[in-house]
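Asks: Hey, can you work out the whole structure from these sequences and the hints?
Oh and the sequence shown: position 159 is 159 in the numbering used here, straight run, nothing missing.
Errors might be hidden in some of the hints.
Heads up, simulated BS3-like pairs for lysine-lysine below, C-alpha to C-alpha not over 25 Å straight-line [stated by the list, open to error]: (1) K169 to K203; (2) K143 to K100; (3) K155 to K143; (4) K203 to K132; (5) K143 to K129; (6) K203 to K155; (7) K186 to K155; (8) K155 to K218; (9) K218 to K169; (10) K203 to K143; (11) K143 to K218; (12) K186 to K218; (13) K203 to K100; (14) K186 to K169; (15) K155 to K169; (16) K129 to K203; (17) K143 to K132.
Label pairs and their computed distance ranges (CB to CB) [as the list claims (entries may be wrong)]: (18) A183 to R160: 22 to 30 Å; (19) A165 to Y96: 45 to 53 Å; (20) R149 to G178: 27 to 35 Å; (21) A237 to V79: 31 to 39 Å; (22) N241 to A104: 14 to 22 Å; (23) V79 to I158: 51 to 59 Å; (24) Y96 to A187: 45 to 53 Å.
By construction, these hints were calculated from the structure, which means they are not laboratory data.
A quick note: this is a predicted structure, and the numbers were derived from the prediction, not measured.
All residues carry an ideal CB built from backbone N, CA and C; glycine is no exception.
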Amino acid sequence: MAGRKRAGIGGKIAALGCFLGIAGASLAVGAGLGNRYGFWSYREGFAALNWIAWVGGAAAVISLIGIVMAWRRGRGALVLALVGLVLGSAVAWMPYHGQKTLRASARLPDVSTDTVNPPAFVAALDVRKRAKARNTTDYTPQKAEIQARAYPDIKPVIVRLSPDAAFDKALAAIRALGLELIAADKAAGRIEATDTTFWFGFKDDVAIRIVPAPEGAKVDIRSTSRVGARDGGTNAARVRNIARRIAAN
1 MAGRKRAGIG
11 GKIAALGCFL
21 GIAGASLAVG
31 AGLGNRYGFW
41 SYREGFAALN
51 WIAWVGGAAA
61 VISLIGIVMA
71 WRRGRGALVL
81 ALVGLVLGSA
91 VAWMPYHGQK
101 TLRASARLPD
111 VSTDTVNPPA
121 FVAALDVRKR
131 AKARNTTDYT
141 PQKAEIQARA
151 YPDIKPVIVR
161 LSPDAAFDKA
171 LAAIRALGLE
181 LIAADKAAGR
191 IEATDTTFWF
201 GFKDDVAIRI
211 VPAPEGAKVD
221 IRSTSRVGAR
231 DGGTNAARVR
241 NIARRIAAN
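Replies: Following this line, the structure appears as structure tokens:
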């Protein structure tokens, strides 16, 4: 009798933990999507995540209690508790991990393979103005110094192709990565595009410049955030990803 009663209580606790885990996960997803679709700012979304993390932590703790009480007594309750534990732990971990990554990244939302004469934004300037981008596209010596310390591996891409062929390859890379094309001027050797980050939907702009080089063509890539002083390394990762695709045989 006592075992059944304990299993019944364990089942209720497991169900509560599962409910809180699902609720926390739903709220966390909504915090990002709200910014993506303009319901609130990313700062409000980040602030909400900090509170939602407590929901996730409560879900994880309650679910763990449910697992202990329902262990070997109720398979259904055990499954619910495990779902609550996984979801709750993920919801509690995400804000901590995100903030840690952001704080550890360089204070640099603008990354370029050429830090002396970075690719210029032309068509994207009007797009950024309409979007009320808070960050400027000025690439200052201070940015170059920060990038040299934080991302010394980011360099121009040299390919043994004609400038026209290199342009086509760069354009194919942009399309393969799902970026929104803003401009593609083969005569000027210039490509501009916008990437939208997953979840919060941050807009980052990309400029690519292709010029002749003794070996074939030199490709420079630049990625710039519209908002935020730090990007968690997103722009550098994007530049590397595009560079790898262009350099690949």
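Asks: Work down the list of hints and note, for each, if the structure agrees.
Replies: For each hint, the structure was consulted:
1. In summary, the hint linking K169 to K203 is supported, as the alpha carbons are separated by about 23 Å, within the 25 Å threshold.
2. With a CA separation close to 22 Å, the supplied pair K143 and K100 stays within the 25 Å bound.
3. Straight-line distance between C-alpha atoms of K155 and K143 comes to about 15 Å, which keeps the hinted pair within the 25 Å bound.
4. Of the supplied pair hints, the one linking K203 and K132 holds, its CA atoms being roughly 11 Å apart against a limit of 25 Å.
5. Straight-line distance between C-alpha atoms of K143 and K129 comes to about 22 Å, which keeps the hinted pair within the 25 Å bound.
6. Taken as a hint, the K203 and K155 pair is honoured in the structure, with Cα atoms around 23 Å apart against an allowance of 25 Å.
7. Between K186 and K155 the CA atoms are separated by roughly 22 Å; this keeps the pair inside 25 Å, and the hint holds.
8. Proposed proximity of K155 and K218 is supported: the alpha carbons are some 10 Å apart, at most 25 Å.
9. Restraint check for K218 and K169: satisfied, since their Cα atoms lie roughly 12 Å apart, inside the 25 Å limit.
10. About 20 Å separates the Cα atoms of K203 and K143, which keeps this hinted pair within 25 Å; it holds.
11. Our distance criterion of 25 Å between C-alpha atoms is met by K143 and K218, whose separation comes to about 22 Å.
12. For the proposed pair K186 and K218, the alpha carbon gap of about 14 Å is at most 25 Å, so the pair holds.
13. With a C-alpha separation of about 21 Å, the suggested pairing of K203 with K100 holds against the 25 Å cut-off.
14. Under the criterion of a C-alpha separation no larger than 25 Å, the hint pairing K186 with K169 is consistent with the structure, at around 12 Å.
15. Simply put, K155 and K169 have alpha-carbon atoms about 18 Å apart, close enough for the 25 Å limit, and the pair holds.
16. At roughly 13 Å between alpha-carbon atoms, K129 and K203 fall within 25 Å of each other, so this suggested pair holds.
17. At most 25 Å may separate the alpha-carbon atoms for a hinted pair to count; K143 and K132 meet this at roughly 22 Å.
18. The hinted window of 22 to 30 Å between A183 and R160 holds, with their beta carbons roughly 26 Å apart.
19. The hinted range of 45 to 53 Å is satisfied by A165 and Y96, whose Cβ atoms lie roughly 46 Å apart.
20. For R149 paired with G178, a C-beta distance near 31 Å keeps the hint of 27 to 35 Å intact.
21. With their beta carbons about 37 Å apart, A237 and V79 fall inside the hinted range of 31 to 39 Å.
22. Our hint of 14 to 22 Å for N241 and A104 holds, since their Cβ atoms are close to 20 Å apart.
23. Taking 51 to 59 Å as the suggested C-beta distance range, the pair V79 and I158 conforms, at roughly 55 Å.
24. Range check, Y96 to A187: about 49 Å between beta-carbon atoms, so the 45 to 53 Å window is met.
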